[in-house]
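Peer 1: Counting in the UniProt record's numbering, the sequence shown runs from 1 upward without gaps.
Possibly wrong hints are sitting among the right ones.
[Claimed, not checked] Each computed SDA-like pair below joins lysine to any residue, with the alpha-carbon atoms no more than 20 Å apart:
| id | residue 1 | residue 2 |
| --- | --- | --- |
| 1 | K810 | E879 |
| 2 | K623 | R1143 |
| 3 | K1075 | R60 |
| 4 | K11 | S51 |
| 5 | K623 | E571 |
| 6 | K623 | S1024 |
| 7 | K660 | D1106 |
Read the hints as simulated data drawn from the structure, not as lab findings.
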Amino acid sequence: MACSYVVSAQKPTLVTHSVVGNFRSSTKVELVAARINRLELLEATPSGLKSIYEFPIYGRIEYLSSYRKAGENLDSLIVLTSKMDLAILKFNDEGKLVPVCYGNIIDRVGRQSETGLLVTCHAFRGTLGVRQSDGHLKLVFWDASTEFRAFNIRMNDLKIVDIQFIINMEDPPDTYNLAVIYDENGHHLKVLRIDFDHADINAKIVWKIENADANTIIPVKSPVGGFISVGTDKIIYHKDETTFVAADCPPQHGSFCSFARLPDRPEQFLLGDFDGVLYMINLTTIDVNNVMVVTHIQLDRLGDITQPECMSYIDNGVMFVGSRFGDSQLLRLGPEKDASGSFMQLIESYPNLGPIQDMLLVKSEAQTQVLTCSGAFHNGSLRIVRSGIGIDKLVTIDIERVSGVFPLAMDPNSPYHTHIVLSHFTESRFLKIEGQEIEDVTATMSMYATNAQTLWIGKMPGEVWVQVTERQILAIKDGRAIAEPFDNQISCVSVNQDAGQLMVALSKTACYVKFEENGEIKRVFEHAFDDEIACLDISPFEENQATTVFALGFWKTKEIRLYTLEPQPQEITRCELGERDIFRTILMIRMESTPYVLVSLADGSIHYFIADFEHGSLVEHKKATLGTLPIKLVKFYSHGHATVFACGDRPTVLFSSSRKLVFSSVNLKLVETMCCLHTSEFPETFIFISHEDMTIGNVDEIQKLHIRTIKVGETVRRMASQPQSQSVALLTIRVERRTGPGGGLEHPRCYSNSCSSVSDSEHPSVASIDQDVLLAEIISINTVCFLDADTLEPFHVHELGPCEQVQCLKSITFGPRKKTFYAVGTAMAHPHNAEVTAGRILLFECGVYRSPKRKGERYVKLAHQRSVKGAVYDMALIEEHNRLIAAINSTCRVFELTDHGDLQLTCSFYKFLNCIGIKIQGSKIIGTDLVRSLIVLEYRHEETKLVELARDYDTQWMTTSEFLDNYNFICADNDYNLLTLCHDPSVREEHRKRRLITTGRFYVGEQVNCFRIGELINAPLDSSVNTKNPMLFGTVEGGIGVVVQLEPSIFEYLVKIENKLGKYVQNCMRVTHQKYREFYTESQKQAHSGFIDGVLMEGLLDMPRDEVAELMKGVYMKGPKSTFADIELSVEELLKIIEDLSRMH
1 MACSYVVSAQ KPTLVTHSVV GNFRSSTKVE LVAARINRLE LLEATPSGLK
51 SIYEFPIYGR IEYLSSYRKA GENLDSLIVL TSKMDLAILK FNDEGKLVPV
101 CYGNIIDRVG RQSETGLLVT CHAFRGTLGV RQSDGHLKLV FWDASTEFRA
151 FNIRMNDLKI VDIQFIINME DPPDTYNLAV IYDENGHHLK VLRIDFDHAD
201 INAKIVWKIE NADANTIIPV KSPVGGFISV GTDKIIYHKD ETTFVAADCP
251 PQHGSFCSFA RLPDRPEQFL LGDFDGVLYM INLTTIDVNN VMVVTHIQLD
301 RLGDITQPEC MSYIDNGVMF VGSRFGDSQL LRLGPEKDAS GSFMQLIESY
351 PNLGPIQDML LVKSEAQTQV LTCSGAFHNG SLRIVRSGIG IDKLVTIDIE
401 RVSGVFPLAM DPNSPYHTHI VLSHFTESRF LKIEGQEIED VTATMSMYAT
451 NAQTLWIGKM PGEVWVQVTE RQILAIKDGR AIAEPFDNQI SCVSVNQDAG
501 QLMVALSKTA CYVKFEENGE IKRVFEHAFD DEIACLDISP FEENQATTVF
551 ALGFWKTKEI RLYTLEPQPQ EITRCELGER DIFRTILMIR MESTPYVLVS
601 LADGSIHYFI ADFEHGSLVE HKKATLGTLP IKLVKFYSHG HATVFACGDR
651 PTVLFSSSRK LVFSSVNLKL VETMCCLHTS EFPETFIFIS HEDMTIGNVD
701 EIQKLHIRTI KVGETVRRMA SQPQSQSVAL LTIRVERRTG PGGGLEHPRC
751 YSNSCSSVSD SEHPSVASID QDVLLAEIIS INTVCFLDAD TLEPFHVHEL
801 GPCEQVQCLK SITFGPRKKT FYAVGTAMAH PHNAEVTAGR ILLFECGVYR
851 SPKRKGERYV KLAHQRSVKG AVYDMALIEE HNRLIAAINS TCRVFELTDH
901 GDLQLTCSFY KFLNCIGIKI QGSKIIGTDL VRSLIVLEYR HEETKLVELA
951 RDYDTQWMTT SEFLDNYNFI CADNDYNLLT LCHDPSVREE HRKRRLITTG
1001 RFYVGEQVNC FRIGELINAP LDSSVNTKNP MLFGTVEGGI GVVVQLEPSI
1051 FEYLVKIENK LGKYVQNCMR VTHQKYREFY TESQKQAHSG FIDGVLMEGL
1101 LDMPRDEVAE LMKGVYMKGP KSTFADIELS VEELLKIIED LSRMH
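With the sequences and hints as input, model every part of the structure.
Peer 2: Have a look at this one:
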């Protein structure tokens, strides 16, 4: 049985809805963006959007709107989810989102509409119109109570395209007017009136227009009133049946898909189309007897944007565009055109990974990268997602072994560092930096101690340069050197440079020296302790301030202690660590207002505490193992935020995110020490020292996941890599539009159009394609692009013929000669045929020429191909038998490559309805059926046949599947669920042996497109929980999830905690966690099982410990098999388990 732990490594990135309003203050305009299952409150700043709060929503957000109740000056939010949970939300004085009214409004009867859920809101009356099922419109009202009142109104039109309330202040209070576009052999437009004065509530037709060019309705607020219908060729303003004003749409444009109102300008609207073009609708009005009459409507092009899913005008010419297929954008509208003819300026863009159509894991020694096929159409791209901090190396210099490195700014007229001091074990070297040249000037630095190891060097207040060596503190001012020698050897030093505070340790004694602004050097105290000092720190918790405490670590007692600094040390608190712990460094630092004390050890681990000065104690003690070699902690700043670099054999950056300490690995093998560097040639960089070289480089922005975008400019369907040829292949689809009837095709800028090396091939049936298809206004061209693995730039493109669509791509080593190929599956999709009846399997060979004339040049050739009767949806290699298996329509077929280069069919399996995916482990095969869930097959080479072992007899609309192990499988369906299935061949009954058992059900809330075996981050070395079979999945919504398998005892224990936590945590929608995660399809609902919700469980890390302890009461873990006693875990043990699980992503 699978015991799965599922959590999001990257939350959904696409934005489906956005609204603007005065949510917390009547004087401040803020933006709320919906990202599938969470709301984000944002504020527009000159540099971009600033995230203020993020609120999880238990459900997929299907509708979001703002509403202001009469007499109030703040806006509320209306949120409706796909499970029909509705809530009216508002912000309280504490900034939390709380419900005013909530409930479920699902229709228990009726057929779900084919055109999806349609919702409209009456902005002034707070009435919601919801069309969920065919033939009905539900009107929802709310008042001071916490429950909704709903009425169903009969509507005879089934295929409704759009529906909106017509907002007219003059309407009677119990009367509502609706504009409706419906499809019945063409689009028709009509206006309905709903009158509540009568007992029988019906929608009566006021007027209608048949065969109307209308796809979208835009209500126009008072005092203008009426509405605008947006069609393919025209936009029309309607006041009533006879009063209308029309304007032509541009000759060539995409489908209009989103609009936004301009506050306080009821006559202006922003309109976006599917091609990513922004327009403005202007209504010209005149006042006729105190009635605003529209005399003219105009559509003006403003410029290019991302493909809009939603748009919101914020304020002062700033607008937000949320996108499903590309990055979301923050734009500024201007009165004048720029050089490109646009009225807009891009302020900032926000990465969107969705829709993820395919993923590829690329492992290196330091980090794992995930390559995703993201976006669609002209927003298609490759995204490189990396967990950890990247170091961009600028300069690398070979050096001898170095113990310390210190930058110096010795030019008083320049803010830049001019020198670097390298401290060796017996000497110190001074390097001068001029531009990109680095010169050794040690011989000219006679006033400094160059024949000794430097423990610290820098500038103190009073223009005093200070060098600390093993035997003295050397102060240099105005050309005079003053040495402060010590009898004992200085073992460690700590400095608060801004305040002129310096402390050194000499065996059991700590010596504290203060450098005043007037240049006076004052030895404040020398204090002897009861043990030898291993490490010390006087870093301030408050930046640019004098510290009042210092920290010590001791060799023998294995204690860390905090003391007050002046006038004499007074102990604040102490904490004893393990007997075998050997201290290396100690560091005090405040991150996100939380004061931490960190201690590094010689075994590659660190201990960290929170300093509670109110009670004089170190609390929340935790430990993390980062490597195997001693760790040195160095404080540095990133974008003004204090951060810690842990030097060692697995270099790690420690930073605070959402008030939690986060560990992020660095793409360097070994770092012994580091420091900041700021020169004219290398501004805001860092120096990293290893045992053999010095590297100057830039550091990524400090965050958990880093996303790099490579714009492709067309839809990327599939991806595969081939280390043997150092290449990557993509399956892409570009869309070309004709310039006019019978005209030529416009060639967009994209990968498949940017390469000079191009080949092509066609399916034999291409001759039967009609001319009207070949000369269509919009044509999709499918290609195979071959990229260099290092630069990801295309070097060859293979173009397929008309109507041939790419379906799957694999890199395989196949055939009698064990050659490496890219295998491509295609389908001939004739527009006039309901079913695909033809396709091809193409094998491409990619390599490098070896002949002297073309040595080093790459080549790609179509080595083998075979036509098949159907679409090749997926392929996989049966490695141990050197066979290629393909999913072709309703069959699985096995091929071998003969000595003559032919793909020869060896056997077939016919019991699928539509096989869309194949995964292989050994000789076992799982086939994903679009409708019939999953079938487990086995290839028997001796008998040359595919044998069915088991199948799932439940009807599930599957999207993808993968092996968890040889007998457990994970699947995803079209209703946003995850399932685990088990094949148990040990049972005696034959009918049970041939049936897959469902062992896990979980509503993830996102549509999973692909699973990939592997992990984003290596498991912590000191992990308290054993995990196995790590797996990543990518979703349509741009999310990346992690699934791992837990031990049964841990799993059962965490399930009990999850059940109690789910009842304890309240969501702003007032939806229970159990209901949110229940397995949900159109035909069934079941409680979730077999999965643990990692998003919920990791919320324990933010809870007060006394509340965690209360949750744990009465929950026990099963003991080992050798004992019968159950185990009661402590709060620290539970939080360690959750923290270790959280560090996997």
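Peer 1: All the hints need checking, so say for each whether the structure fits it.
Peer 2: Results of checking the hints against the structure:
Our distance criterion of 20 Å between C-alpha atoms is met by K810 and E879, whose separation comes to about 13 Å. With a CA separation close to 13 Å, the supplied pair K623 and R1143 stays within the 20 Å bound. Between K1075 and R60, the direct Cα distance comes to roughly 13 Å. Compliance with the 20 Å bound is thereby established for this hinted pair. Annotation: proposed proximity of K11 to S51 holds, straight-line Cα distance about 15 Å (limit 20 Å).
Among the hinted pairs, K623 with E571 is inconsistent with the structure: their alpha-carbon atoms are about 24 Å apart, more than 20 Å. Only pairs whose Cα atoms come within 20 Å are accepted, and K623 paired with S1024 is accepted, the gap being roughly 11 Å. About 18 Å separates the Cα atoms of K660 and D1106, which keeps this hinted pair within 20 Å; it holds.
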